[in-house]
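Dock chain B against chain A, hints included.
Chains as they are written, first to last, in this note's numbering: chain A, 2 to 331; chain B, 2 to 264.
Rather than coming from a laboratory, the hints here were simulated on the basis of the structure. Possibly wrong hints are sitting among the right ones.
[Stated by the list, open to error] Here are some chain A residues pointing at chain B (derived, C-beta under 10 Å):
no. : residue
1   : P37
2   : M78
3   : S171
4   : Q172
5   : L208
6   : F224
7   : I269
8   : F277
Quick reminder that beta carbons are idealized off the backbone N, C-alpha and C, glycines included.
As a plain string of letters, each chain reads:
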Amino acid sequence: MTNHKTRTTLLLILFPILVLGISIFIGRYPKPLFMPLSVLLNDELGQNLVFNLRLPRLITSALLGMSLAAAGGVMQMLFRNPLVEPGFLGVTQGAGFGAAMSILFLSTSPLLVELSATTFAILGLGLSYFVARRIRFGGWVLRLVLSGIAVSAIFSAGLGILKYMADPTSQLPEIVFWLLGGLWSVTWNDLLYILPVVVIGLSIIYLMRWRLNLLSLSDETAFSLGVSVGRERTLLLAASVAVTAVVVSVAGIVGWIGLIIPHIARRIGGANSASFIPISMSLGAVFGIICDDLARTLTLGEIPLGIITSLIGAGIFLVMMTSRSMRIFR
Amino acid sequence: MTPGILQANAITFTYASATQAALKEISFDIYPASVTAILGPNGAGKTTLLHLLLGLNRPASGTILLHSKPINQYTRHELSQQIGLVPQSEYVPFAYSVLEYVLLGRAPYLGPLELPGTNDIRIARDALDEVGIRHLEERALPELSGGEQQLVLLARALCQQPGILLLDEPTSHLDLANRNITLNILARMRANGTTVIFSTHDPEAAALIADHLVLMRAGQVLDSGSLEQVFTSEMLTRVYGTQVEVVQIDGMRVVKSMERLEP
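Bound-form chain A, shown alone (with noise of 0.2 Å):
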């Protein structure tokens, strides 16, 4: 029993980090697809793209897809709908109408949309969180997903404006771009940017992990068992929604990782939130690389990443919701 965990948690951390190694020779450099090893060991300006552009892209799409999976992971979990995804309690809307907000406004400079973006991400939140403490009825979930829906409507048609406002031909491009997601600009900074607040969360809902399925019973059943729900549901909430919101600002809208990667991860590992959020992990790191390999090898252009993260992840959420053998709600 204990040999096989052991087994298991070493497979989970060796396959991101053997797909990440491999990814390193992918790209367009000399050549289309495979770099050799002796450009990296020989040619400078092959170093220096490897070094410089490559591996802190490599770490933030591994990172950007582990966010995803695991807050998705979470968020289904303690919003006991399996449907769920990570911004939808006006996370990923308000990024968007932040990062829209200093395209327009402020400056088209990296950090300064990031951090416009996580503002407004995390203002989206706030706002939705404000709103269900004022709904009238309902359970505190419904409450939630209530005001979410709302506030992301909201965060939405402000969005609308501003690409209505926005020059045709120099912002709205720009905007364009940002909400369909990439990591074509990621440097060192923008990952040390995103990793404190990455490495927190993670480690919040990875050391958590068996108790969020205390999270996914009923309020009377969690009370009985000794768990302080609004407390630990709030926790697990913020750390979810923080990861989200850092990678959103940094990556744009990158949809459907946080939806499809838990639901592998339980048909492989079940229900058990205890084996499938470190899974889910595992996986959205893979997922997320070779995405993010896809978008910046297969054209001569880049594809931007949330492109292809909604055509494989809705593929694959079609074929599961299809297929005989496969059963949706675990």
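Frame of chain A, contents of chain B only:
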């Protein structure tokens, strides 16, 4: 007489959204290693009362004493080691295996970052043995029948090893055979020293097993006492608001509705 292990003294409770009190001046004593049935029609306030005894809600006035100490002086963690709950039904959105689900009952004994260990798994398996569904431990919860799911909820509460077990309508959606299985388990728990309190609208289930009855209607206790004292035709007619008669068949009490339906 020894003091009750759990005592309710004139407790009153009103939901935040309501104008009328859901419970008015409720008082009774629960004795150790006994089975108490809280009997009453739908909407009498039985579930509300169980939630107060669990500590989930606080009474507006009156006190609840656990081992002669007010229940609000216990921490949530301490309470969870003493009082377990089997809810009326539990919507489980994810397909836990039976063993994983029952293991959640170990939460009161685990630290915030701790995972259940081999000893916890042993206790969970004992609980499954106790309710007779050890063979289902690998099965997914949503695949089980309603009767089996009820037993899984019971096993999770047993795994919690509480001194007092609260059950909310444990037999209301069970067929006769499954009802008797559940009641037999409760009788065995009583024999092992557990104090059992369950709510029900079914007087026959109460008559089969309860030592004490608390009869409720519209948020008030009409009467409480032993089966012999309070399980009478007059009293049950008052509780349910419809003419009923208690008859004995082979020493078992059966309740007969005397009201004819409109033709």
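Which hint numbers doesn't this structure obey?
Violated: hints 1, 3, 4 and 7.
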